[in-house]
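**Q** Taken in order, these protein sequences are the chains called A and Z. Number 287 in this note's numbering belongs to position 284 of the first sequence; there are no gaps in the numbering. Number 142 in this note's numbering belongs to position 141 of the second sequence; there are no gaps in the numbering.
A few of these clues could be false.
What the hints assert, rightly or not - Here are the computed lysine-lysine pairs in the DSS-like style, where the Cα-Cα straight-line distance is at most 27 angstroms:
#, chain 1, residue 1, chain 2, residue 2
1, A, LYS181, Z, LYS6
2, A, LYS304, Z, LYS197
3, Z, LYS436, A, LYS248
4, A, LYS10, A, LYS302
As the list claims (entries may be wrong) - Ranges between beta-carbon positions, derived for each pair:
#, chain 1, residue 1, chain 2, residue 2, range
5, A, LYS181, Z, ALA175, 54 to 62 angstroms
6, Z, THR317, A, ILE183, 47 to 55 angstroms
7, A, ILE329, Z, LEU196, 34 to 42 angstroms
8, Z, SER13, A, LEU316, 22 to 30 angstroms
9, Z, GLU380, A, SER172, 24 to 32 angstroms
10, Z, ASP377, A, ILE329, 48 to 56 angstroms
11, A, ILE263, Z, GLU376, 35 to 43 angstroms
12, Z, ILE21, A, LEU316, 21 to 29 angstroms
13, A, ILE183, Z, LEU12, 52 to 60 angstroms
14, Z, LEU12, A, MET178, 24 to 32 angstroms
Because the hints were derived from the structure by calculation, they are not lab data. Glycine residues also receive a C-beta, built at the ideal position from the N, C-alpha and C atoms.
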Amino acid sequence: MSIDKSKITVTQFVFTIVCFIESSAVLSSFSVGISGKDSWFTMIMGYLVFLILVFVISQIMRRYPDKTLIEINNEVFGNVLGRIISVFYIWFFVTLTSLNLLDTQVFASSSIMTKTPPIVLMATFMVICVWALRNGISVITRYMTVIGLLSFAITVFAFIIAFQKFHLSNLLPPMQQKPIVYVQASHIVSTIPFGEIIVFLMLTPNVSSSSKKYGRYILIGTLLGVISMLLVAIRDIGVLGETIKYFTVPSLETQRVSSISKIFSRLEVLYTIIFTALMYSKIVVLLYAATAAIAQFFKLKTYKNISLLIAALCIVYTLNLYDSGISHGLSGMLVVPFLWSFIEYILPILTLCVILIKSKFKKEGTENDAVRVNGKRGNLSLGPSLGN
Amino acid sequence: MSAKKITRRLLSVTAVVLIIAVLGGCWDKVELNAISIITGIGVDAIPDNPDLMNVTIQSANVKALSGPASGGGGGDGEAPFIINEEQSKSISEAITQIERRTSRSPFTHHNQIIVVGKDYCKNGIQSVVDTFLREDEMRVETSIVVADGTAREMLSVKTEIEKSASQWIPGMLASLNYNVGKVDVSVLDFANQILKPSGAAVIPLIKVEDTSLQKPMLKEKNAQQQEKKDEGEEKSGEEEKDEKKEAEEEKSEKKNGGEIETKTLSFVGFAVFKGPYFVGEMGVAEMKGYRWLNGDVTSTRVSLSVGSGTANVNVTNAKFKKKVRLDESGKLIADFSIIADAAVLESIGIDDTDIKRYTKVLTEVMSEQIKKEIEDCLEKAKELNADVFGFLNTLYEKHPKDYKRIEEKRDEVFKNMTLNTDIKITIQDTGKLKKSILEKWWNDEH
């Protein structure tokens with residue numbers, strides 16, 4: 004049972020996923036830095052890999068529709084091993100919150116508020132997230148539909164205004180790089196952001212749905228998100244061409260150069276709005292997951308009291324995560340995807356395997372019991388027949 | 002209301018006020034009266050020191066722009082811009098050095114133009130491109146031009162109509178975009194072009210031309226002074242005083258619209274680059290072919306010589322097709338076609354009594370001329386060994402496997418390439434006249 008008793012609708016759940024994925028679309032440089040003009044292809048490949056996880060998650064959720072990830076771990080692996088695995092997930096949620104907070108701070112510090120101390124930016128952002136968090140998950144997700152639709156509308160509008168600078172030839176020739184490039188970039192996309200969807204296992208008990216088709220909801224949400232991601236990637240490649248590999252935030256540069264005559268120009272402000280709103284939506288969900296997971300781990304009655312503490316912990320963690328933006332970038336390309344693969348893919352697959360094995364044994368046990376019972380019955384029934 | 006509720010509300014209000022105060026971004030406030038808005042940046046070579054560059058910064062002179070006497074444009078004869086220059090290793094370093102001697106902080110976000118002196122280009126413009134792509138305050142869509150002379154001289158010109166060269170050049174490039182095709186090149190365009198397989202790019206070449214018409218009074222005085230000098234007359238004390246006064250007046254006249262103010266900037270062609278290095282120039286005549294081959298023309302004018310007569314036609318609705326292929330021997334073959342409409346704007350001394358024959362003659366001459374312009378331009382590009390038309394890029398985009406075959410010897414392949422042109426232009430309109438009103442006399446003459 005979720006620690007937050009409030010309920011969210013299916014639409015809110017789907018749009019929260021859309022915002023979660025879209026927020027990564029605005030920061031696509033990890034994979035773009037590797038696959039360049041073929042990023043659109045690696046996004047599709049990454050999504051196809053992610054479908055394995057969707058299947059795994061939907062199977063787990065089908066079996067435990069009213070339980071959070073932490074409760075599932077305890078249920079599946081037992082109290083000791085389950086808690087050890089939960090520690091991995093808690094570390095993952097806290098780290099992910101901190102990494103996204105770092106991304107937000109780095110962007111704001113380098114592009115919008117260059118002289119504002121990073122700690123002020125992070126503290127302000129986290130105060131707003133905690134504020135939202137203390138009102139419960141239903142309040143958080145209530146705004147996701149608006150943010151999701153707004154960001155999608157801005158993405159489409161940005162695509163239209165970038166059309167004048169868009170050159171289809173910049174996407175040509177497709178797939179001329181070494182296969183390892185596609186493997187690496189697809190792997191990154193499958194873990195950042197798609198695999199991060201595992202965090203929604205902390206929210207599923209709150210979804211008020213009679214059908215409980217969580218796999219379908221995740222599929223719809225991520226599909227809408229990936230469409231947005233593809234739009235952004237194709238637009239950026241078409242506008243920036245060969246230089247896309249070299250920019251740290253390609254989408255910002257695309258927005259900077261996009262204009263319709265002189266009427267609509269210097270539209271990076273749109274990017275800033277969409278970026279801030281989407282990063283808020285992602286961080287607040289991650290912070291909720293981290294806080295709720297810690298509260299459940301320590302068997303607290305409510306997560307709200309510790310939300311500020313966890314937020315402060317995330318800020319301190321963010322300040323100590325990397326010594327520079329370069330280390331962050333390199334880690335995002337070379338280290339993090341492998342670490343995340345373990346948490347996002349290996350652990351859920353392991354969980355499902357254990358569930359299946361346990362259920363098989365349980366089934367066999369039940370069948371044996373049934374056979375035993377039937378056997379007795381049979382004997383009982385045989386008796387008279389024999390007797391006949 | 003309970004005390005607890007009141008405390009909570011007070012805390013909430015305090016939190017909101019604090020958040021609003023912080024969200025305002027106090028640290029990042031930029032007051033208009035504390036910044037110097039940079040409108041143009043120029044880079045020149047220093048002849049004796051190749052390690053340094055001479056950076057010229059043109060900033061808006063707010064005093065001249067806002068003065069009541071000026072009506073918004075250079076009151077009291079004051080130039081609407083301020084020129085600062087510094088010798089340094091990089092543009093950012095120069096701006097930092099200039100910052101030390103100004104009361105306002107340089108603000109590069111609104112920079113309109115980057116001017117690079119031709120001499121500087123010879124050593125490569127990689128540092129300029131890198132600065133504008135990397136530095137967050139600089140914008141990658143800023144136009145870049147090469148000065149046929151020095152960037153310092155160009156940015157110091159007080160142009161007519163527009164207030165400064167940094168406003169004048171983008172305006173001119175936009176106007177040329179409409180009339181002769183895309184000539185405007187941004188830093189991003191340039192970077193993109195040199196990263197493509199052909200590695201060649203062009204940047205507009207602009208020259209400062211002295212078209213000053215000295216004021217009649219000033220001219221007369223100059224002539225008189227020259228006469229006196231020639232005659233070797235001795236100057237009296239009063240005469241010397243008069244001379245000084247006249248010199249001051251002359252200086253003032255110059256300041257108020259004399260020689261300096263009537264210099265103009267002309268587009269004289271393209272500076273051609275291979276990678277970041279300057280390899281040569283294309284003049285206006287050669288550039289005519291570039292506009293066709295580049296395929297960016299939507300509407301342009303063509304002057305034709307037909308026998309002893311001349312005609313001017315406006316070419317519209319142009320559609321271009323460029324196909325490239327490699328033949329078995331590895332020779333690059335390009336098939337280039339233009340299909341367009343044309344309207345006659347001027348026709349002098351050409352027999353137009355038979356409209357069919359007239360349009361046929363014009364079409365043939367026009368096709369021949371465009372073909373020649375294209376061939377001349379291609380020859381020049383081959384001479385410079387710079388595929389500025391992107392034939393190699395198209396080969397890479399459409400036939401990557403074929404490109405890989407010739408990648409190592411692509412320069413040689415470009416030099417030996419063959420271009421087949423097919424031009425189909427239909428004259429749709431003869432202007433407001435069906436035929437010349439001089440028909441009668443024209444028939445008499447012939």
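**Q** Please go over all the hints and tell whether each is borne out by the structure.
**A** Hints and how they fare:
no.	hint	in the structure
1	A:LYS181 - Z:LYS6	violated, 64 angstroms
2	A:LYS304 - Z:LYS197	violated, 61 angstroms
3	Z:LYS436 - A:LYS248	violated, 58 angstroms
4	A:LYS10 - A:LYS302	holds, 21 angstroms
5	A:LYS181 - Z:ALA175: 54 to 62 angstroms	violated, 42 angstroms
6	Z:THR317 - A:ILE183: 47 to 55 angstroms	holds, 50 angstroms
7	A:ILE329 - Z:LEU196: 34 to 42 angstroms	violated, 22 angstroms
8	Z:SER13 - A:LEU316: 22 to 30 angstroms	holds, 24 angstroms
9	Z:GLU380 - A:SER172: 24 to 32 angstroms	holds, 25 angstroms
10	Z:ASP377 - A:ILE329: 48 to 56 angstroms	holds, 49 angstroms
11	A:ILE263 - Z:GLU376: 35 to 43 angstroms	holds, 37 angstroms
12	Z:ILE21 - A:LEU316: 21 to 29 angstroms	holds, 26 angstroms
13	A:ILE183 - Z:LEU12: 52 to 60 angstroms	holds, 56 angstroms
14	Z:LEU12 - A:MET178: 24 to 32 angstroms	violated, 58 angstroms
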